[in-house]
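Asker: If you read the sequences in order, they're chains D and F. Just so you know, our numbering puts 44 at position 44 of the first sequence, and the rest follows in order with no gaps. If you want our numbering, it's the 1-based position in the second sequence plus 1000.
Keep in mind that the hints were calculated from the coordinates and are not lab data. Be a bit skeptical, because a hint or two may be false.
As the list claims (entries may be wrong) - For lysine-lysine, the following DSSO-like pairs were computed, each having C-alpha atoms within a straight-line distance of at most 27 Å:
#1 Lys1247/F x Lys152/D
#2 Lys177/D x Lys1247/F
#3 Lys151/D x Lys1081/F
#4 Lys202/D x Lys1242/F
#5 Lys1081/F x Lys1242/F
#6 Lys1082/F x Lys152/D
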Amino acid sequence: MKSFERCHPVTNFVYYICAVIFGMIFLHPVFLCISFFSAFFYSLKLYGGKVFKSFFCFLLPVMTASAVINGLTAHYGVTPLFFMPNGNSVCLEPVIYGFVSGASASCVILIFFCYNKTVNSDKLYYVLSKSLPKTALLLTMSLRFAPMYSKKIREISEAQKGLGKGTDSGGLSERIKNGLRILSVLTSWALENSVETADSMKSRGYGLKNRSHYSDYRFSRTDAVMLSVMTVCCIVVIIGAAKGETYVLYNPFFEISKITPFSVFVMFNYVVFFVTPLISDLFGEYRVKNPKKGAIPAQRA
Amino acid sequence: MRKESENPSEKSTEGIAENAVGRTAEKKAGKSNIINIIILCVLSPIVIITGFFLFKGKNYYIICAALTVISMLPFFISFEKKKNASRETVAIAAVIALAVASRAVFYMLPEIKPIAAVVITAAVSFGYEVGFLAGSMSMLLSNVIFGQGIWTPFQMLGLGAVGLIFGLLFSSSKYRYNRWILGISGGVVTFIVYGLIVDFNSVLMLSADLSLASVVSVYIYGAPLNLVFGVTTAVCLILFGKPMIEKTERLKTKYGIFEKG
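Please take these sequences and the hints and turn them into a complete structure.
Answerer: Printed below as a string of structure tokens:
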């Protein structure tokens, strides 16, 4: 067992794509709670206490704003809360629906929190290079250029400061002008440099046939297990959704599908799908602390 | 110095090679156009119709996100199919990295983001396809650094559309050296096009039932930020657009890249 961060990019992307789609589609309260809280706990595992701060400063306001905007602008519903001065009634149903859709959006944001921590740009490049190789090349080259240019910017601005034309001296217009001069110097250098890079790429055989890609990722047994578990759970959830187990209605009145043994089974599969990375991470940590007898301590996987 | 003397011969051999691949490239380009038309005419109605029947008029968010991605695919596919010289590919990468790094120049003035100005100048001198690629890829890349989200496709489409518009309008126009026309139109287009597309993500996030009142209220709430971005773009283009375009034009003639015809 290895942590989700070290898994094969395909495993990562299957999980995140399915999780984002499920998190957006299923507004059934139970399913939404499952996806929201598992995303919340996984980001808690990855980031620690910082998640509480972003929850109260960003996610809760999104949910509240969504509930308020929807409550004030939509006029359906059967449970009136109060009447506005212009005679329109504010009902409970649009407020709840606004809150639920805000929670769904927050859930997707939390899933992307986890994405940003577990999937680095190498993995994005790996996945892109299979289908869009030239775009992936653009991405990876720019990723290398951006820090290089930032370093060059520092060099140029030091030199400009020596001439008394830094971005920290003078009034606002002076500063903007000096900043733009730095950008201009950088542009000339960057474009000339790119031509040189292209020539050296060409002389090393860029664009010739039968050239393979370097990749550091191995599809291990853990990946196979995780991927098959997630696939089975996804299929069960999709069948359940097709059979109407995720049915919920907020407009104009609240209606929800009945809880049956089958719906509990679907929810169980939904839980398993969402907590797979968390369990993999926790189990990996446990294995590091309590290694199997006879296992080589430094062994990966 | 040595480099300069080598250049003319290199340019001519590259030109011959490009002519040789030109005919096959044309056929390929035709094929990719057909693929693109199929994508736009078949895939997007399929997404809309299945989305409509599956979600019964709810869940606009996922349908819109899918449509945003589909609308960008043709540009990337035609870039993949096109036989670019390696110099052009690297130059596009350099423009993307410049757009991202340009934020680091103004670390003393954090509100100023010249990213749209860099994309516009690249679009004006290198054409609309490069404009779209530079805009969308620089957004994707800056989100690799600042954090991806469901807003990524909307931002990519937003800045890509700005690049596309400027490439189409100005790339062979005589007004491209007029700093006032370029700057003011740059500010207006950034404010309207980028603002409308990117704030549509906030609209989808904040208003569950899309009604005119809720959409307008979210747009009004987001307008000041977009105005700052538009004004920044206009100021950058007025001060900096002309010299930057001159630089890239010089590069084009010096190394023979992005030549039309």
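Asker: Evaluate each hint against the coordinates.
Answerer: Each hint, compared with the structure:
Restraint check: the Cα-Cα separation between Lys1247/F and Lys152/D comes to about 18 Å, which is no more than 27 Å; the hinted pair holds. Between the alpha carbons of Lys177/D and Lys1247/F the distance comes to roughly 17 Å, so the proposed pair stays at or under 27 Å and holds. This hinted pair does not check out: Lys151/D and Lys1081/F have alpha carbons roughly 34 Å apart, beyond 27 Å. Distance check on the hinted pair: Lys202/D and Lys1242/F sit about 32 Å apart at the alpha-carbon level, beyond 27 Å; violated.
For the hint linking Lys1081/F to Lys1242/F, the alpha-carbon distance of about 32 Å lies beyond 27 Å, and the restraint is violated. Restraint check: the Cα-Cα separation between Lys1082/F and Lys152/D comes to about 32 Å, which exceeds 27 Å; the hinted pair is violated.
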